[in-house]
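*Asks:* Below are the chains, spelled out letter by letter.
2 protein chains.
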Amino acid sequence: MANNSIAQSGNYIGVDLSAQTLRVALVAGDGQVLERRETVLDGEIVSRQTASIVQELRDHAASIEAIGIGIPGLVNPQTHEVVISSGMPSAEHGNLQVELSNLTGLPVALENDANAAAYGEYITGTGRGSRNMFYVTLGQGIGGAIILGGKLWLGASGFAGEFGHITIDPDGAECVCGNTGCLETVASAPNIVRRTHERLFRDGTSSLSKLSMNRDFTAADIAREARNGDDFALLMIERTGRYIGTAVASVINLLNIERIVLGGGVMEAGDLILDPIIREAGRRSFQPCFEATQIVAAGLGADAVAIGAAMLARDAEQI
Amino acid sequence: MANNSIAQSGNYIGVDLSAQTLRVALVAGDGQVLERRETVLDGEIVSRQTASIVQELRDHAASIEAIGIGIPGLVNPQTHEVVISSGMPSAEHGNLQVELSNLTGLPVALENDANAAAYGEYITGTGRGSRNMFYVTLGQGIGGAIILGGKLWLGASGFAGEFGHITIDPDGAECVCGNTGCLETVASAPNIVRRTHERLFRDGTSSLSKLSMNRDFTAADIAREARNGDDFALLMIERTGRYIGTAVASVINLLNIERIVLGGGVMEAGDLILDPIIREAGRRSFQPCFEATQIVAAGLGADAVAIGAAMLARDAEQI
Numbered sequence: 001m002a003n004n005s006i007a008q009s010g011n012y013i014g015v016d017l018s019a020q021t022l023r024v025a026l027v028a029g030d031g032q033v034l035e036r037r038e039t040v041l042d043g044e045i046v047s048r049q050t051a052s053i054v055q056e057l058r059d060h061a062a063s064i065e066a067i068g069i070g071i072p073g074l075v076n077p078q079t080h081e082v083v084i085s086s087g088m089p090s091a092e093h094g095n096l097q098v099e100l101s102n103l104t105g106l107p108v109a110l111e112n113d114a115n116a117a118a119y120g121e122y123i124t125g126t127g128r129g130s131r132n133m134f135y136v137t138l139g140q141g142i143g144g145a146i147i148l149g150g151k152l153w154l155g156a157s158g159f160a161g162e163f164g165h166i167t168i169d170p171d172g173a174e175c176v177c178g179n180t181g182c183l184e185t186v187a188s189a190p191n192i193v194r195r196t197h198e199r200l201f202r203d204g205t206s207s208l209s210k211l212s213m214n215r216d217f218t219a220a221d222i223a224r225e226a227r228n229g230d231d232f233a234l235l236m237i238e239r240t241g242r243y244i245g246t247a248v249a250s251v252i253n254l255l256n257i258e259r260i261v262l263g264g265g266v267m268e269a270g271d272l273i274l275d276p277i278i279r280e281a282g283r284r285s286f287q288p289c290f291e292a293t294q295i296v297a298a299g300l301g302a303d304a305v306a307i308g309a310a311m312l313a314r315d316a317e318q319i
Numbered sequence: 001m002a003n004n005s006i007a008q009s010g011n012y013i014g015v016d017l018s019a020q021t022l023r024v025a026l027v028a029g030d031g032q033v034l035e036r037r038e039t040v041l042d043g044e045i046v047s048r049q050t051a052s053i054v055q056e057l058r059d060h061a062a063s064i065e066a067i068g069i070g071i072p073g074l075v076n077p078q079t080h081e082v083v084i085s086s087g088m089p090s091a092e093h094g095n096l097q098v099e100l101s102n103l104t105g106l107p108v109a110l111e112n113d114a115n116a117a118a119y120g121e122y123i124t125g126t127g128r129g130s131r132n133m134f135y136v137t138l139g140q141g142i143g144g145a146i147i148l149g150g151k152l153w154l155g156a157s158g159f160a161g162e163f164g165h166i167t168i169d170p171d172g173a174e175c176v177c178g179n180t181g182c183l184e185t186v187a188s189a190p191n192i193v194r195r196t197h198e199r200l201f202r203d204g205t206s207s208l209s210k211l212s213m214n215r216d217f218t219a220a221d222i223a224r225e226a227r228n229g230d231d232f233a234l235l236m237i238e239r240t241g242r243y244i245g246t247a248v249a250s251v252i253n254l255l256n257i258e259r260i261v262l263g264g265g266v267m268e269a270g271d272l273i274l275d276p277i278i279r280e281a282g283r284r285s286f287q288p289c290f291e292a293t294q295i296v297a298a299g300l301g302a303d304a305v306a307i308g309a310a311m312l313a314r315d316a317e318q319i
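Just so you know, the sequences run in chain order C and D.
Going by the numbering used here, the first residue of the first sequence is number 1, and it counts up by one from there.
Going by the numbering used here, the first residue of the second sequence is number 1, and it counts up by one from there.
These are calculated hints, taken from the structure and not from any lab test.
Careful: at least some of the hints might be erroneous.
Any copy will do: because identical chains look the same in the list, a pair fits if it lies in one copy or spans two.
Claimed, not checked - Straight-line C-alpha distance at most 25 Å; calculated SDA-like pairs for lysine to any residue:
no., residue 1, residue 2
1, Lys151, Phe290
2, Lys151, Pro276
3, Lys151, Arg242
4, Lys151, Gly129
5, Lys151, Arg131
6, Lys151, Asp171
7, Lys151, Glu65
8, Lys210, Val40
9, Lys210, Leu272
10, Lys210, Gln287
11, Lys210, Phe232
12, Lys151, Thr126
13, Lys151, Arg239
14, Lys151, Ala292
Here chain C stands alone, though its shape is the one from the complex (with noise of 0.2 Å):
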């Protein structure tokens, strides 16, 4: 990493904070990550964890400006406090933001994941150059978020963009939210493996029986086998795929959106899933409200949560 590019001034640092891991991110003003730590979480406060390396990173970086914080929860558009969180070290709740700028000097904005996740792809990933996009993550849980004329647009409770909840199958199976048929019981990464484990049971002959001899497979197997020609893991792939594409649609319909970003685990199919998706979107939405739409697949990798969050912290000084 050439110490000229970091020890200009400008710089922001992009906190992806989830159960387990932290991963810290020194970001450019332009959104070009120069340097990233990851960390496992060692029970210690996080936000002291975090402050520690944001020192280290300062040590390098000649300015920092500000830190961003993406959190698996939910974040209080007025107070900043963390309201709701699945899989939040519970110590944190309510006052990382306060506790990390003490120890650090710094401002810290806080927001939720996925709606930094959103924001980074807007600004430096494949949702460049929209002013209006749709951002879901598919992974262990399906998120989405919303921005609209260049802004988060976080609804009444900050809870806009709850794509994984969306009814895709009135007569579905139990979601833990407490409706039937939600789009995460059948295409989040656990659901997938599922479904693959139930229909293997049942009828199937393929890579993946082998495989699960040995020990369980996981989404990204069955992504890897269908991508190595294995029928029965493309057909997985392919159905979740439809799926997926069936709430598409709804967002299709009802936003009549510029650019629709997909990212998270999932994904990692590449276009064996991207292409259902846009098959099915296509074929359930009101047409000229999907010709109006790009669908594509997100740009940032891991990275999506941590740029986002730097990034909002750029522009959290700005207003």
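Starting from the structure of chain C, add chain D where the hints point.
*Replies:* Chain D only, in chain C's frame:
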């Protein structure tokens, strides 16, 4: 009608244009309807027929500032031309705004009728007091419109709010749009009648059976019989409400919107349909989103489009 209140300055004309009729309202600056004219389209050019009614109302009102027209079609937000219409006299495509403006010497605003009705409800109906609102009209067809931050949000190509084509049953009936299982295939007025006929044929004993011997019944008949205590009619209305509620849940999940206003002829069933809509939406939406949403019946009845069009003309002037 008090001539005093009419003869003040700052009135607007709102026009609700459909395939067969022309409804024209003289609307005060605060959204109050001062006079109404309704006429059957007589084959003459719509702009001339409208202009002569405008002239008639102008003779009453000292000052008319502008005209707004709600049409059953899509208006290109850039060129203000009608680009798609379903049920508009074809002679009017593309030139209604210019012609009517030439004939009357007044500024003319043209807008899709669902968008106009949404704006009417937002300014002076049951959407009043919200900042972000979703409007649904349930009648011969099903439409929708979005208001964000007090303004119509039209989407990338003017189609935002296509509520009727949300998939609520992936294996459902074919829709004219090409998709299967759109809300419109079960919950528009003609489809409520179709479903009721089908079910009456199979197993119904209802006052509707008697009625159908004399003439075809309508969705309004079904609603009336439900209000009069007919169990079968009530069942059909409740089922319809559940279908609508499923689609409402998608709006709630995606937009986390403050208020949802439901209008159109189908809503004349009142609480008999509103209650199951709210119940099903509650069951199928993410709870924190649902709790932040008020779901209400529209308040302006048949005046919604004309009032909204007049208010759009008023507010277009202010920009």
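*Asks:* If a hint holds in the structure, say so; if it doesn't, say that too.
*Replies:* Against the structure, the hints come out as follows:
For the homomeric pair Lys151 and Phe290, the shortest alpha-carbon distances inside one copy (23 Å) and between copies (23 Å) are both at most 25 Å. Proximity of Lys151 to Pro276 under the C-alpha cut-off of 25 Å is found in neither arrangement, the shortest distances being 29 Å within a copy and 35 Å between copies. With identical chains, the CA atoms of Lys151 and Arg242 are never at most 25 Å apart, being 29 Å at best within one copy and 34 Å at best between copies. Proximity of Lys151 and Gly129 under a CA criterion of 25 Å is satisfied in both settings, with 13 Å inside one chain copy and 23 Å between copies.
In this assembly of identical chains, the alpha carbons of Lys151 and Arg131 lie at most 25 Å apart whether taken from the same copy (9 Å) or from different copies (17 Å). When the C-alpha separation of Lys151 and Asp171 is checked against a cutoff of 25 Å, the pair qualifies neither within a copy, at 36 Å, nor between copies, at 37 Å. For a Cα distance limit of 25 Å, the shortest separation of Lys151 from Glu65 inside one copy, 21 Å, qualifies, whereas the shortest one across copies, 35 Å, does not. For the homomeric pair Lys210 and Val40, neither the shortest alpha-carbon distance inside one copy (32 Å) nor that between copies (73 Å) is at most 25 Å.
In the homo-oligomer, the alpha carbons of Lys210 and Leu272 lie at most 25 Å apart inside one protomer (22 Å), although the nearest pairing across protomers, at 56 Å, exceeds that limit. Proximity of Lys210 to Gln287 under the C-alpha cut-off of 25 Å is found in neither arrangement, the shortest distances being 43 Å within a copy and 41 Å between copies. Taking the shortest alpha-carbon separations for Lys210 and Phe232, only the intra-copy value of 13 Å comes in at or below 25 Å, while the best inter-copy value is 55 Å. For the identical chains of this complex, Lys151 and Thr126 are intra-copy neighbours only, at 16 Å inside a copy versus 28 Å across copies, given an alpha-carbon limit of 25 Å.
Taking the shortest alpha-carbon separations for Lys151 and Arg239, neither the intra-copy value of 33 Å nor the inter-copy value of 39 Å comes in at or below 25 Å. Taking identical chains as interchangeable, the C-alpha atoms of Lys151 and Ala292 lie at most 25 Å apart whether they share a chain (20 Å) or sit on different chains (21 Å).
The earlier numbered hints that this structure contradicts are 2, 3, 6, 8, 10 and 13.
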